[in-house]
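Q: Chains as they are written, first to last, in the working numbering: chain Z, 77 to 312; chain F, 77 to 312.
Heads up, some of the hints might be wrong.
Treat identical chains as interchangeable: a pair holds within one or across any two.
Result set (EDC-like, lysine to aspartate or glutamate): computed pairs, CA atoms no more than 20 Å apart in a straight line [unchecked claim]: (1) Lys-206 <-> Asp-239; (2) Lys-167 <-> Glu-301; (3) Lys-195 <-> Asp-98; (4) Lys-263 <-> Glu-295; (5) Lys-242 <-> Glu-139; (6) Lys-195 <-> Glu-135; (7) Lys-167 <-> Asp-145; (8) Lys-92 <-> Glu-295; (9) Lys-242 <-> Glu-222; (10) Lys-179 <-> Glu-115; (11) Lys-200 <-> Glu-234; (12) Lys-206 <-> Glu-89; (13) Lys-191 <-> Glu-106; (14) Lys-179 <-> Glu-295; (15) Lys-92 <-> Glu-236; (16) Lys-191 <-> Asp-239.
Everything labelled a hint here was simulated from the structure, so no lab data went into it.
All figures in this text were calculated on a predicted structure; none of them were measured in a lab.
2 protein chains.
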Amino acid sequence: MNLIILFKSDFIEGTKRVRIRDHRLTHILEVNRPSVGDELRVGLINGNIGGGRITLINEKRVEMDVVLDREPPAPLQCTLVTAMMRPRVFKRVIIQVSAMGIKRIIIINSYRVEKSFWKSPVLKTDNLNKYLIMGLEQGQDTIVPEVLIRPLFKPFVEDELPDIIKGTIPFVAHPYASEKCPYNIGKPVTLAVGPEGGFIPYEVKKLVECGFTAVHMGERTLHVESAISGLVSRLV
Amino acid sequence: MNLIILFKSDFIEGTKRVRIRDHRLTHILEVNRPSVGDELRVGLINGNIGGGRITLINEKRVEMDVVLDREPPAPLQCTLVTAMMRPRVFKRVIIQVSAMGIKRIIIINSYRVEKSFWKSPVLKTDNLNKYLIMGLEQGQDTIVPEVLIRPLFKPFVEDELPDIIKGTIPFVAHPYASEKCPYNIGKPVTLAVGPEGGFIPYEVKKLVECGFTAVHMGERTLHVESAISGLVSRLV
Numbered sequence: 077m078n079l080i081i082l083f084k085s086d087f088i089e090g091t092k093r094v095r096i097r098d099h100r101l102t103h104i105l106e107v108n109r110p111s112v113g114d115e116l117r118v119g120l121i122n123g124n125i126g127g128g129r130i131t132l133i134n135e136k137r138v139e140m141d142v143v144l145d146r147e148p149p150a151p152l153q154c155t156l157v158t159a160m161m162r163p164r165v166f167k168r169v170i171i172q173v174s175a176m177g178i179k180r181i182i183i184i185n186s187y188r189v190e191k192s193f194w195k196s197p198v199l200k201t202d203n204l205n206k207y208l209i210m211g212l213e214q215g216q217d218t219i220v221p222e223v224l225i226r227p228l229f230k231p232f233v234e235d236e237l238p239d240i241i242k243g244t245i246p247f248v249a250h251p252y253a254s255e256k257c258p259y260n261i262g263k264p265v266t267l268a269v270g271p272e273g274g275f276i277p278y279e280v281k282k283l284v285e286c287g288f289t290a291v292h293m294g295e296r297t298l299h300v301e302s303a304i305s306g307l308v309s310r311l312v
Numbered sequence: 077m078n079l080i081i082l083f084k085s086d087f088i089e090g091t092k093r094v095r096i097r098d099h100r101l102t103h104i105l106e107v108n109r110p111s112v113g114d115e116l117r118v119g120l121i122n123g124n125i126g127g128g129r130i131t132l133i134n135e136k137r138v139e140m141d142v143v144l145d146r147e148p149p150a151p152l153q154c155t156l157v158t159a160m161m162r163p164r165v166f167k168r169v170i171i172q173v174s175a176m177g178i179k180r181i182i183i184i185n186s187y188r189v190e191k192s193f194w195k196s197p198v199l200k201t202d203n204l205n206k207y208l209i210m211g212l213e214q215g216q217d218t219i220v221p222e223v224l225i226r227p228l229f230k231p232f233v234e235d236e237l238p239d240i241i242k243g244t245i246p247f248v249a250h251p252y253a254s255e256k257c258p259y260n261i262g263k264p265v266t267l268a269v270g271p272e273g274g275f276i277p278y279e280v281k282k283l284v285e286c287g288f289t290a291v292h293m294g295e296r297t298l299h300v301e302s303a304i305s306g307l308v309s310r311l312v
C-alpha cells in the first residue's frame with residue numbers, strides 16, 4: 077500500500093479531515109507505524125493525490141488532515157483484452173494491470189478457458205473492485221479501471237471489438253506468430269492475450285480479421301502474468 | 077509444465093528409453109493424459125529438446141522413447157542482479173526469470189531487505205534448483221541458470237560486479253531516476269533491481285559509480301515481479 081485510497085465517506089462532513097477505521101487502519105498501524113504529525117501519501121478515489129497529516133492515531137481509528145494537490149499519473153495508453161484465467165492468477169493479474177495504469181480491461185472467453193473459471197467469485201463486482209483498488213494502492217494511482225466481462229467470444233469480437241480498438245494499434249500475443257513484438261509504439265495500443273495454451277487458430281484468425289497483428293515474445297512460453305507485464309512494458 | 081525435463085538417471089541404461097515415476101508422472105497422468113503412442117515434449121537437463129513417444133503408461137510409471145534433436149532456445153542476453161525479497165515472492169520470481177531465459181541471477185543484499193529473508197529455506201540449493209527447473213518447464217528450456225547469493229552489498233559491488241558487467245550495458249531500476257528505461261538495447265544487459273521500497277541513495281550511488289545507468293519505468297510503483305518482467309522485456 078504505497079498510497080492510501082480515500083473515499084468521500086471517509087471525510088468528516090464539511091472538513092478536510094478523514095477518519096479511518098477499517099483494514100487501512102490495520103495497515104497503517106502495522107506497516108507505516110506513524111506518529112501524530114507524520115504525513116502519509118493519500119489519494120481520493122478517482123480524484124487527486126496528496127498528503128494526509130496525522131492528527132490522531134490509536135487502535136480504534138486514525139484521523140488525518142488531507143491536502144489533495146496533485147493529479148494522479150496519466151493513464152497508460154493501453155487497453156487489455158485478456159482471456160479469463162484460473163481465479164488465483166486472475167486476481168494477481170487484475171492487481172498487476174491496475175498497478176501498471178491500464179484503465180480498460182476486457183475479460184473474454186476462449187476455447188481453452190475452463191468453463192468453471194466463469195463461476196468464480198473473483199468476477200463479482202465487489203471482489204473486482206477490491207483487486208483494482210489494491211492495484212491502485214500499489215501503483216500510487218486513484219483512477220479505477222473499467223472492467224468489462226464478455227463471456228461470448230464471437231459476438232464480442234464481431235460486434236464490440238471494432239469500436240474498442242478504434243484509435244489504437246491492436247496486437248494479439250500468439251506464440252506461433254511470425255512477427256516479433258515491436259517496441260515503444262508511441263500510440264495507444266490494444267493488447268489481446270490468450271489463455272494458458274494460447275488462443276486457438278480460429279480465434280487468432282478472427283482477431284486478425286478485426287485488424288489485430290499477431291506477435292510473439294520469443295520461443296519461450298511465458299506465464300500469463302509475465303507475458304502481460306512484458307508485452308505492455310515493451311509496447312507502451 | 078510445457079516441457080518435461082529429463083535427467084540422465086531417467087534413461088534405462090544403454091537405451092534411448094526413459095522411465096519416470098515421480099511428480100512428473102503425476103503431472104503427465106493428470107494434465108497431459110496421453111495414451112501409448114502419443115508424443116510429449118521433453119528436454120534433457122542442460123541438453124537438447126525433442127519428443128518422447130509413450131511406450132507404456134500406468135499409475136506406477138511412464139516409459140517413453142526419446143529423440144532429442146533440437147537445441148534449447150538461445151539464452152536471453154541479460155544478467156539479473158536483484159535484492160533478496162520476501163520468500164514467497166522470491167520463489168515466483170526465480171521461476172519467472174528462469175522461464176524468461178535469464179541464465180545468470182545474482183541475489184544481493186540491500187539496506188531495505190529484511191534480515192529474516194536470508195534465513196529462508198527458499199535459498200537452499202535443492203529448493204532453488206526446483207524453482208529453476210519449474211521455470212525451464214514453463215519456458216521450454218533446458219539450461220539451468222546459475223544463481224549466486226551475495227549477502228554483502230559493498231564487497232560484492234566493489235570486488236565482483238565490475239567483472240560481471242563486463243561486455244554488458246548495466247542498468248539499475250530506480251523510481252527516482254531522471255532517465256526513462258530505454259527499449260531494445262540490442263546488446264547484452266545487466267539489470268539491477270532493488271527491494272520493495274527501492275535501493276537507498278548510497279546503494280544507487282555505488283552502482284552508478286560502478287558504471288550503471290539509473291532508469292525508471294514511469295511514475296507508478298510496480299511490484300517486483302511486474303517490474304522485472306517489464307524491464308527485461310523492454311531492454312532485451
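Q: Please list, smallest to largest, the hint numbers that this structure does not respect.
A: Violated hints (numbers, rising): 1, 3, 5, 6, 7, 8, 10, 11, 12, 15 and 16; every other hint is consistent with the structure.
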